[in-house]
Amino acid sequence: MGEQKRIKVLIAKPGLDGHDRGAKVVAQALKEAGMEVIYSGLHKTIDQIIHIAIQEDVDVIGLSIMSGAHIPITQKLFKRLGEEGVTDKLVFVGGVIPGKDIPKLKEIGVTGVFPGGAPLTETIEFLKNTVK
Amino acid sequence: MAVPRYIKDKKDQILDVILESGIHVKPSYTPEDLERIGFNYEKDVADPGTYPFTRGIHPLGYRSRAWTTRQYTGFGSPAETNERFQLMIAHGQTGLNVAFDLPTQMGYDSDDPMAEGEVGRVGMAVDTLRDFEIAFKNIQLDKIGAGLTINAVASIMLAMYQAVAEKFGYDAKVISATPQNDILKEMIGRGAWIFPVEPAVKLIGDTIEYSMTTMPKTNPVSVCGYHIRESGATPAQEIAYAILIANAYIDNVLARGYDVDEFAGRFSFNFNVFGNMWEQIAKFRAARKLWARNLKEKYNVKKAQNLFLRGLFGGGGYGLTKAQPENNIMRGAYYALVAALSGAQTTALCSFDEAFTIPTPHSALLSLRTLQLLMDEMGLRDTVDPLAGSYFIETLTKEMEQKIEEEMEKIVKYGGITKAVSDGYIQRLVARQAFEVEKGLEAGELLKVGVNIYKEGAPMDVELHEYNYETAEKQIESLQQVKRERSESDVARTLKELETVTKAGKNVMTCLVECCKAYATVGEMAGIFRQIFGEFQEPGLF
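These protein sequence lines are chains A and B, in that order.
Note that numbering that gives the first Met the number 0 numbers the first sequence so that position 72 is 71, with each residue one more than the last.
Note that numbering that gives the first Met the number 0 numbers the second sequence so that position 480 is 479, with each residue one more than the last.
Next up, chain B with everything else stripped away, as it sits in the complex:
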């Protein structure tokens, strides 16, 4: 761990480069470096599509398929969200990435006192299946996959996605949802947790178990190193914690008696792209290798395709600045380049106005165009892993691999990932690193354009998305209407069944789908979990 910085002499000559993961970069790299690290092409990288997949998971890379573009979208009412989805799809976006408002993420209905002031603010409000029917209207759910940024109540939202698909006439087997569904990372960063560690991980196990047969094209978990990095973790910690978190979910499903090859291939990942670009590229290459090795050596996964690290590499939120916001457009373009050079399956960018509020249609389209022009104009589809064989990149990839392993060992020594999260050990490490980086910025060791260098110039104004205060009223009205129209006896029956199954410790997914179809509310379903599981007690940090 380190504050990423340059050591310079008085003439601005760089004497040393220290990356955030603690690696020192040399002025130049030669074949001797590869010799020093014991570089072996077959063992360390191998051809694209070949174990350990350092160079990528497909032999032809972006030639066989360009990346999926999936801008994070959702605000206000389901109708407004649907309108934005349609706009993005009309402009060539190839996947959806659904943002939910905070009450939904926290399992509260729009009329709950806890939801006051938050309805439809940072994403769309979802109370019942009616909202999904509006949000996904006229979207071809068999052709376009949907990322669902939901964690504590991901089981409920996945059930609701199946319910809406079936209502529209799709077979659950043809739909592809990617709920984030990663609760341990919520406890480290982002903070949208509800239930304690054990039942929360059990719910994730339920979704994985259920998806195996019912929704085989769904990726039930997207493990998010992304938010851990946003919270302050170094790139090495980001990958280390993500792999350990994924293992915790694997262990839960294995304990139910399944063969690892039945489900390991459905894991996906979400990683961050801001920071030193070489360090990020090396990080992604090392991550693919370590994940494949982890599955093969620790879990004895047999099928090659189950060893793939499939990922959304994108975002870059922490890298964006409020100062000189239009600079974020250029930052986004470089972040996209990093993602493309790193072999991302899916990508998305934070829009340039996201340091202020959620994106306008203008800024969201600009992000989409950034991704499209990179893929289609600049030659990023030409050849796989174009940086392979570089003395520098291969050395750095190997050094990154070692740093990630060191971070993993620290947690294993501490007693494992769930203990490290429950005790707040990781949270303390991450918060400390965030503070060190902030101090580095203030001391001018870590350079940030517009923040601590090149601050001069006219202030740039941006047009901002405005929150509509009528959203909450309308959403509550709509919820009340659904409640008047639904069959209360169906709701009571399905909720009772959910309660029984939850108490018995069985898989809740089938019951959740029935509750959703009866128009039970998110708050009613989550309420049953709250009552039975209780809530996570945040460990003290200071």
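The following block holds chain A by itself, in its conformation from the complex:
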């Protein structure tokens, strides 16, 4: 095996919610764990997020959603990813996510869900183990 590639992650804030403490903490944690991190900034549309993800050629898209709109937002993301023919990006979600919504998110296509309070190490380990 050659040199291991650095995992490249886009941490994105979709929609109108501006609570970004969690997103910024995760971004810093992934960076400290050796990953390359791009932070989208606030109020991004799904199309803007996909555009950044393609342009920066990230391995992973992490969405931080605190407004409760995680189901419609992820549905839209996967619909648009499909339309763009993008299938190589792993998607994880963090934020205010009730436990009962996790199966639904997985069904939509989200690989990892990390509700508020999930340890940072869990997210780091997940990405290290899942991103090929």
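Warning: the hint list may mix true and false statements.
Just the calculated beta-carbon pair ranges, DEER-fashion [what the hints assert, rightly or not]:
hint : chain 1 : residue 1 : chain 2 : residue 2 : range
1    : B       : 408       : A       : 56        : 40 to 46 Å
2    : B       : 453       : A       : 56        : 42 to 48 Å
3    : B       : 169       : A       : 116       : 43 to 49 Å
4    : B       : 21        : A       : 130       : 37 to 43 Å
5    : B       : 12        : A       : 131       : 21 to 27 Å
6    : B       : 325       : A       : 77        : 33 to 39 Å
7    : A       : 131       : B       : 487       : 57 to 63 Å
8    : A       : 101       : B       : 453       : 20 to 26 Å
9    : A       : 4         : B       : 462       : 45 to 51 Å
10   : A       : 131       : B       : 431       : 30 to 36 Å
11   : B       : 21        : A       : 77        : 41 to 47 Å
Listed next, the in silico DSSO-like pairs over lysine-lysine satisfying Cα-Cα at most 27 Å (straight line) [stated by the list, open to error]:
hint : chain 1 : residue 1 : chain 2 : residue 2
12   : B       : 438       : A       : 4
13   : A       : 103       : B       : 321
14   : A       : 127       : B       : 321
15   : B       : 473       : A       : 75
16   : B       : 438       : B       : 9
17   : B       : 438       : A       : 7
18   : B       : 516       : B       : 201
19   : B       : 142       : A       : 99
20   : B       : 216       : B       : 142
21   : A       : 43        : B       : 418
22   : A       : 127       : B       : 438
23   : B       : 418       : B       : 502
24   : A       : 103       : B       : 418
25   : B       : 473       : A       : 78
26   : A       : 99        : B       : 516
27   : B       : 216       : A       : 30
In short, the hints are calculated from the structure, not lab data.
Beta carbons are placed, not taken as given, at the ideal position from N, Cα and C, and that holds for glycine.
Given the coordinates of chain A, assemble chain B onto it according to the supplied hints.
Showing chain B alone in chain A's frame:
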């Protein structure tokens, strides 16, 4: 700045206590500590109601008036919100605190593509005056004040509040609104900004200028250290940034030629209560003193009552946990105690289920009862500032004062608050502190019950508020109906006038009230501002 933590030996004895603001707490305090800090009763604290107001702004404290209870409320349609308002008032709540949904906060109508999935979710949807007519129906607007959690479009919502009051037959002079209206804190935390710094601050200046004569009982700005603290700032930074932000708004109004005593007394504040309780109590006492001194020495404010730091101390959102959610009920009770011991004018608690979603009627009432039983059963109204004179509290208050001043100096040295926010300097400091605290939690240095200690036990289930997916459809239908019924020529005329006045850099408030009365939409009014002002460009952080 520090990660708040305990240094212990192997037998669990505490060797050192480090507070988040970087202060070390000693095992005991004596008269020698007061001597060391040069404590002078008259100069440092003085009697309640006397400058520098460390002990409180009223001589009789809660004896003359209990705190106002103001649970944050609003969801779905204006009708559902009105129902919840009525419920809370029927249970003895003494003020309103209105939550708006994200499209409203961001100046989009419910039928805007940007609003998709968000209508009525985290607060009530407001498109036109019709929504306020429903939300405030049968509420006595001359008796009950309303906090409006709105910032980027606070000018529009304040105008709409005046419009609805007048429609109901109240004189604007008797109504009391407290819009948050603090855009610089939105740029540091919370993120509901739209326009660039300069025009955004100008709009705040407009509301202050307008309220002086038109709505003298209104508090046009509630400066929110609260959200800055939620975003990660230490208690010392929370107060330091809030004072500097308030000064930026004062400067805007002074530049219009007003005397500072005409408006400085209408500022109010919103601060957070989670964290080490002694540190918070010292923070509030020091904040009152520093705000009064700031106004007196920097701005030459003359009237004593204009020096008051009037505040909502409450919330505590970051302190609540998703793990073992019922523990948040107890946390809320202690946070309320902190607020009461600190002389809050107004209070509100995050409800125990708010780490999941917005509160149910059950959890919201539980929060209200927590506040009521504290005030009426436990003796918190008996005497003002009961901790005054404690060797520990007085020492800590003085140390807190120094820490806050240090944080203020850092920003002044950097080039001032607006530059520090525009460049992202403060955002970086706050994000770094949030990360350090998170690492402290994971390392087990900072203890959190149910999170990194006492994690065992049966999982606790909570009943959650459910979002109603029909809300958006109904709201859009209602908006379309208003659009069919309103006079398009009145709308066009008032919006045109708003555009002219905005371009000319004049005060927009009178025009906004006219637009609201013509049933122009929030999106139409904000759209004019967007087109003329442009949007804030978020500074890069990493």
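In rising order, the numbers of the hints this structure does not comply with: The structure breaks hints 5, 19, 24, 26 and 27; every other hint is satisfied.
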